[in-house]
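Undergrad: Next come the chains, spelled out residue by residue.
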Amino acid sequence: MQTLLNGAAAGGVYALVALGYTLVFSVLGVINFAQGALFSLGGYLTFLLMGGRISANGGLPGWGLPLALPFAPALLLAAMGAALASLLVERLAFAPLRQRNAEPLLSLITSLGAGLVLVNLLQLLMGAEGYAFPAGTLTGLPAAISLGGARIRSVQVLLLVICAAAVLLLTLWLERSRGGRALRAVAEDPTTARLLGIDSDAMVRLAFLLSGALAGLGGGLVGVSVSLPGPYFGIGYGLKGLAVLVLGGLGSVPGAIAGGLLMGLAEALVPADASGWRDALAFAILFAVLLLRPSGLLGRRLVEKV
Amino acid sequence: MERHAAERHAPVSRWGCTNVIDNGLLVQMLIGALLGVSVYLPLAAGQLSLATPAFYAVGGTLAALLSTRWAALGAGADGSFPLPSFLLELLLAGALAGLLALLVGRLVLRLQGIYLAIATIALVEIVRVAILNLPFTGGAIGIFAIPQPFATASGYLVPALALLALAGWGCQRLEGMPLGRAMAAIRDDELAARCMGIDTTATRLSAFVLSAVLAGSTGALAAHFLNTWNARQGSFDASITTLAFVILGGSRSWLGPVVGGLLLTALPELLRPVGDVRLVLFGLVILLGPVFFPRGLITPGLLERIGGRRQEAPR
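Just so you know, the sequences run in chain order A and B.
The first sequence runs 8 to 313 under this note's numbering.
The second sequence runs 4 to 318 under this note's numbering.
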């Protein structure tokens with residue numbers, strides 16, 4: 008039971024990251040490698056907003072925000088912060104290339120550059136060491152609850168619920184709202200969307216804003232449920248998210264969700280004595296899926312253009 | 004960001020590189036250039052492969068294992084290592100990496116574009132985790148006290164330069180050979196190339212294998228040069244950094260990745276005086292470089308102006 012829940016919780020986080028990639032990929036057809044760095048940023052922002060202090064090895068020793076918010080507003084604000092940073096990434100790493108009609112390949116490099124700047128800024132300011140959220144962070148929540156005879160960590164339940172809520176909201180918004188429809192129209196065909204009066208640049212910015220928020224949310228949640236092992240921790244989640252993205256099919260929202268859960272559960276089922284190999288599992292699955300079904304589990308078939 | 008830090012060699016002086024030869028920075032730069040050429044080769048056939056760090060790691064691990072475990076190679080108790088054994092290792096590492104590329108390439112080269120790129124990232128990660136967890140590769144610490152064929156860091160300049168010269172000569176020759184022309188044709192339009200009767204699968208595979216051989220040999224050289232070898236040598240970061248060598252240097256000629264590899268490997272070391280900000284600045288260079296030089300530093304037009312020789316019409 009605990010294993011399955013752990014898997015589902017990790018899978019939920021992977022799905023958040025993969026959805027972030029999916030949003031950007033569907034409107035621009037490129038991958039934003041800064042996603043992992045935004046994930047780290049979300050974790051650190053949550054930590055700071057909840058009153059966490061920087062230890063001595065950072066550029067700001069002992070510094071902390073003069074406030075200590077409860078978890079929920081801190082997480083929301085951190086997600087907003089990551090969303091704004093994501094907008095900045097779009098402005099610096101993607102917009103100049105689009106204006107010049109440069110090769111899409113270049114944005115792989117520029118977005119990774121933006122991610123490097125972000126992660127190293129975090130390292131410079133906060134230090135390379137890990138941070139743990141103080142005990143009693145989640146006031147009013149018991150550390151563990153028992154369910155059907157099994158004790159499970161309640162923070163994992165919380166994580167799963169928040170992930171599910173975020174994913175549900177996003178899907179509903181994409182399906183039902185005007186903005187969501189416009190975003191999907193741009194993803195389908197930017198030129199036609201523009202002819203129909205949709206501001207495609209605004210939609211691109213919106214996609215980055217949302218994907219940044221998802222990454223920030225994921226970072227904050229993982230930070231609270233595990234810890235912040237250093238500024239680079241988001242990069243690993245970013246890579247896993249990439250594997251999930253392809254597993255589910257590039258640009259497919261249900262694919263990203265299903266892929267995330269599948270990956271999380273598969274990792275949770277790795278026996279403890281082989282835990283060192285766990286990190287390779289995601290990529291081994293990815294490898295196998297790519298070879299059997301190059302367009303991913305739920306992706307559209309690729310149409311070869313002639 | 005992993006830098007191929009040569010901690011063993013004399014630390015870089017306060018002013019960066021007043022003595023680039025003795026502290027081995029020049030060798031590091033040459034290793035960067037070699038890896039750049041390794042990324043360039045598949046790209047010259049239109050394949051975005053980020054697998055170079057995987058083959059580099061495989062080559063380095065093989066060399067580290069052979070020289071520390073296999074007594075017949077003649078590693079001395081004082082940490083010395085016979086030159087012929089070193090050269091043999093370069094060959095073996097290249098061969099193993101090439102063989103691996105042949106096996107993997109058959110599978111992954113069915114993929115196109117970003118799918119291929121992500122599959123090769125997956126390969127890099129699998130190799131990294133394997134080296135981290137296999138019982139004989141030393142885990143997170145890795146393999147250390149790798150014997151030295153040269154007494155000083157600058158000794159490695161000779162094999163590194165020779166390898167780079169060989170790679171450059173090969174690339175130059177390739178442009179005139181059927182394989183090189185087929186690669187260029189696939190890069191411009193794979194479908195058209197197939198219609199012209201080019202065996203695109205074999206051509207893409209050849210480029211992939213050549214790239215792996217070069218990366219494997221470079222890894223073997225780097226393992227001796229760095230003295231220690233662990234799983235961190237080939238990671239996702241390295242995938243993108245080596246791609247940046249090609250993109251910033253210019254992907255239209257093999258000189259581009261050489262220049263890109265030399266400059267971008269030197270940059271974090273040259274920035275050492277500014278302290279911890281250097282990695283932020285390095286990121287900024289990678290972020291802004293493609294914006295200001297979308298075609299890289301070395302473009303066909305530039306080569307024409309410098310060399311005065313006719314290149315094929317730039318696109």
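Accuracy of the hints is not assured; some may be wrong.
[Stated by the list, open to error] Here are some chain B residues pointing at chain A (derived, C-beta under 10 Å):
1. L46
2. L105
3. L106
4. G141
5. I144
6. A148
7. V283
8. F285
9. G304
No lab work stands behind these hints, which were simulated from the structure alone.
Don't be surprised by glycine CBs; every beta carbon is placed ideally from N, CA and C.
Undergrad: So, for every hint listed, does it hold in this structure?
TA: Verification of the supplied hints:
1. The interface hint given for L46 of chain B is met, as the beta carbon of that residue sits about 9 Å from the closest beta carbon of chain A, less than 10 Å.
2. With 10 Å as the threshold, the beta carbon of L105 of chain B stays out of range of chain A, its nearest partner Cβ sitting at about 16 Å, so the hint is violated.
3. At its closest, the beta carbon of L106 of chain B sits 13 Å from a beta carbon of chain A; the interface hint therefore is violated under the 10 Å criterion.
4. The beta carbon of G141 of chain B comes no nearer than 13 Å to any beta carbon in chain A, farther than 10 Å, and the hint placing it at the interface is violated.
5. At about 14 Å, the closest approach between the beta carbon of I144 of chain B and any beta carbon in chain A exceeds 10 Å, and the interface hint on this residue is violated.
6. For the restraint placing A148 of chain B at the interface with chain A, the shortest Cβ-Cβ distance is roughly 24 Å, beyond the 10 Å limit, so the hint is violated.
7. About 5 Å separates the beta-carbon of V283 of chain B from the nearest beta-carbon of chain A, less than 10 Å, and the hint is met.
8. Below 10 Å, beta-carbon pairs count as interface contacts, and F285 of chain B has one with chain A at about 7 Å; its hint therefore holds.
9. Nearest Cβ of chain A to the Cβ of G304 of chain B: about 17 Å, over the 10 Å cut. The hint is violated.
When held up to the earlier numbered hints, the structure conflicts with 2, 3, 4, 5, 6 and 9 and fits the remainder.
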